[in-house]
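Residue numbers (the numbering used here), protein chains in the order written: chain Y, 949 to 1206; chain Z, 949 to 1206; chain H, 949 to 1206; chain X, 949 to 1206.
Check the hints yourself; a few may be wrong.
Claimed, not checked - Label pairs and their calculated CB-CB ranges:
| no. | chain 1 | residue 1 | chain 2 | residue 2 | range |
| --- | --- | --- | --- | --- | --- |
| 1 | X | E1126 | Z | P954 | 53 to 59 Å |
| 2 | Y | E1126 | X | E1126 | 46 to 52 Å |
| 3 | H | R1080 | Z | E1103 | 56 to 62 Å |
| 4 | Z | E1126 | H | I1169 | 27 to 33 Å |
| 5 | Z | R1101 | Y | S1115 | 35 to 41 Å |
| 6 | Z | G968 | X | H980 | 56 to 62 Å |
| 7 | H | E1126 | Y | E1126 | 53 to 59 Å |
| 8 | Z | R1170 | H | L1193 | 15 to 21 Å |
| 9 | Z | E1103 | Y | R965 | 34 to 40 Å |
What the hints assert, rightly or not - What the simulated footprint calls covered on chain Z by chain Y, stretch by stretch (three residues with Cβ under 8 Å from a Cβ of chain Y suffice, anywhere in the stretch; the number is not a length):
| no. | segment |
| --- | --- |
| 10 | 950-960 |
| 11 | 1032-1039 |
| 12 | 1062-1071 |
| 13 | 1126-1137 |
| 14 | 1155-1161 |
Unchecked claim - Partial list, derived from the structure: chain H residues whose beta carbon lies under 10 Å from chain Z:
| no. | residue |
| --- | --- |
| 15 | H980 |
| 16 | F1083 |
| 17 | L1154 |
| 18 | E1155 |
Quick caveat, the hints were computed from the structure, so don't treat them as lab data. Just so you know, these numbers come straight off a predicted model, no measurement behind them. Note that CB positions come from ideal geometry on N, CA and C, so glycine has one too.
Protein chains: 4
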Amino acid sequence: MGGIEPFVEGERVLLRRREGDSFLLTLAPGPHPVEGKGVVDLTSVIGRPPGVVVPWAGSEYRVLRPSLSDLLGHLRRKAQIVTPKDAAQLVGMAGIAPGDRVAEAGAGSGALTVVLAYSVGPTGQVWSYDRRAEFLDVARRNVELTGLASRVRFEERDVGLNGFSRSDLDAILLDVPEPWTVVDHAMAALRPGGYLATYTPTYNQLERTVRALRTARFEEIRSVEILERALHVGEGGTRPEFDMLGHTAFLTGARRVG
Amino acid sequence: MGGIEPFVEGERVLLRRREGDSFLLTLAPGPHPVEGKGVVDLTSVIGRPPGVVVPWAGSEYRVLRPSLSDLLGHLRRKAQIVTPKDAAQLVGMAGIAPGDRVAEAGAGSGALTVVLAYSVGPTGQVWSYDRRAEFLDVARRNVELTGLASRVRFEERDVGLNGFSRSDLDAILLDVPEPWTVVDHAMAALRPGGYLATYTPTYNQLERTVRALRTARFEEIRSVEILERALHVGEGGTRPEFDMLGHTAFLTGARRVG
Amino acid sequence: MGGIEPFVEGERVLLRRREGDSFLLTLAPGPHPVEGKGVVDLTSVIGRPPGVVVPWAGSEYRVLRPSLSDLLGHLRRKAQIVTPKDAAQLVGMAGIAPGDRVAEAGAGSGALTVVLAYSVGPTGQVWSYDRRAEFLDVARRNVELTGLASRVRFEERDVGLNGFSRSDLDAILLDVPEPWTVVDHAMAALRPGGYLATYTPTYNQLERTVRALRTARFEEIRSVEILERALHVGEGGTRPEFDMLGHTAFLTGARRVG
Amino acid sequence: MGGIEPFVEGERVLLRRREGDSFLLTLAPGPHPVEGKGVVDLTSVIGRPPGVVVPWAGSEYRVLRPSLSDLLGHLRRKAQIVTPKDAAQLVGMAGIAPGDRVAEAGAGSGALTVVLAYSVGPTGQVWSYDRRAEFLDVARRNVELTGLASRVRFEERDVGLNGFSRSDLDAILLDVPEPWTVVDHAMAALRPGGYLATYTPTYNQLERTVRALRTARFEEIRSVEILERALHVGEGGTRPEFDMLGHTAFLTGARRVG
């Protein structure tokens, strides 16, 4: 998503004001309406490199290629989203690499979908399953916002009942209330050496999931929780921040070997 | 690094025994000496898919495409290495995507180098700088072990003194004792929108680094520490593990905008 | 503060409504005005045991001997207070026992003063120093609210400048911005074997304090932070709470030996 | 346990060498054998104040009144013991005050018993129950080592089956595998306003205990875990320690009100 190549028409760009608001837009010639901000004309940006400044609405905006953090920051949230710390850890636990074929269930609000689409790159592919059409719609719209829609296929499907209908997946990520119902289907859908990673808020879900993974003969089963504590570097001194999120979920990684 | 395509000659593969030892080898016809284990012949594996079983030394070994975790698990350690939890978080904080151009200093033992090479994929590029030739040698050998050497260029260079000699980097990761000496050079080497991420074990280093980042007009400066706590799912019940690593380092992310 | 002996006149009691409000009052015959609640008559409670029920304002209130938690819950807060987790740890680190002579500086809002007065019991004694008269006033009023005022002597005094004017203290607790200015005075004021405990929010204060303690030849120097994470036991399962206080202060204990 | 009054015969004292070993002994005239160290004569210490120096075995030893930490450091451990951080928190959660009547089950190795005996002071009383005679023996011997035996009564009794046979207890602490079997007995044994505190290593035990407390109509039910993280203040900088205990137990406090 990076590089210093000049901007091209049709590319998703970030307009960003110092210490201020920011917008995720598609680069196109001519004036473009922006919700609540009037109209912006980015014609002059086409062919210019990242970092170019555009005057708009009395301020100066930098135009950048959006980072993953920019993309996630502009999603429309309708559901609890997986935090960046957990998303980074899940991608690591699942060993996701550029070019990978990855499935997730459920789609949630599409935040994890975006992380996966970003991580597999243009040569990879993401399948996002949910049995609830309304969540798929939210996720699909969010992924479209980010410009990564070509990497993702959404499917309305209950993977606990019907499985994944593939057997070559490099990784599967589960953020569903009953991951243990999906474990056998995941084993069938992963290639040998592929990883399953699950996200379970309660210890009860964790325990039942891990036991199902053992029964299904998954290997390299490992469960962790990731605590993120921010640091405050102030004039008067440095200390951990007072605010902290005490819990999100327990993360479990497991591998299909045989 | 995944897929179910048949194995090809020259590919790096993992031989793995259930609940046992594992080996990272290059696939080639004919017998191959393995340190401390005699000789293995993987000729029959060429053209077969991942998951194939090879009898060896009285046991059965599965042949898999190695995951990032497999690669990291087979490094020869000569220095304190960045843990997977921190590596995953640094990759996330630095917004690293497939195809990215990324620099790191220092090279350490090459563990973070491997994570970066894995994350940028075959279309990306990693520059690894260290002023100490002996660390570069360790890192280079470790990266060669993983089969990712074509993605990495090692350079003996003191980036605190001499900078990065590029100005199009998508991300820079610093694991050096005095990151504040590198901050201005990093600003010059990053593309607009690119990220710097630093790894500092002490509060003193963190504080001095963040202050240098502010002076250099980096934006989106954010410091965190990541605590990983493992969970034990046993017959008698589920609880956090007693063993825990209490500290590794403070991680700081910052962005060049203008 | 416990026991099942009948209530006596002049005793501080807690009126407590199930899942509702509670009041800390002094037991006396006749009607008693309660701010914002009208008048209560506790005459009938005198001579009855803890747990007796009093009808009041359309509800039933239990009358109990107040616990430390009740006392702290009824303080009038004017300053950041030391949390119960830290107070418990400080009392433990300072080895405070019934009958002890303990000093604190500063007085803060009197919350730690109350914990100390509670912990040393009726045969102990607490000295509370502050150089700011307005804090001493708040602390004194809060301690009076709890009924423990006879155990505490408040003194307007800058212990960094003027020291403690005693040399037989069992323990000293410091919650001041510059504890390192008090370290030598604390050494002179403690009995051999007595403990100093400090409460410092930033790592900079912690570092400077520990170095001063070493210079002053304190022994058994130990610094910790205490993280409290609450657990949620719900119908749908059990998990850590989402809300968590990420930081309060670093606690250091040290002992005068020689 | 403090004060600067001169040492008296029969008192328990600590002999302590700077950066070296230490011994808990009973003060008596004449030579006294010390396991593995030969013989010490403390006759001259009687009538002298704390801090006096005794030459012994080629070194100088200070004689001090032992602190709680000294007492706990000299126990003979036969079982996993409750850590000081948890003991301090349990004493706080249970609102234990000087003079209190407190019960515990089981006796464990007597470490928590010593903390309780120390905290209730000479006017308080501790009952320690265990159904296993061998644990009671260990705990009794450990309490005798500390000189606090007069404050503790040990009883071989299964409180899950037979209850506490009292109804005036200020606090009850449970460190047993199945606290839920004791909850109704605890309700009957506590005075109105008294607290129960439990120590449970697993989530499963925590969940079942809290549900039993709700059924038994305990109030102010609150569960936490306490994480202690040590700080390292070194020449090169300050940071959290690498070593950390990841888990001990979940602590639950609850109150009998009616």
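Violations among the numbered hints: 2, 13, 15 and 16
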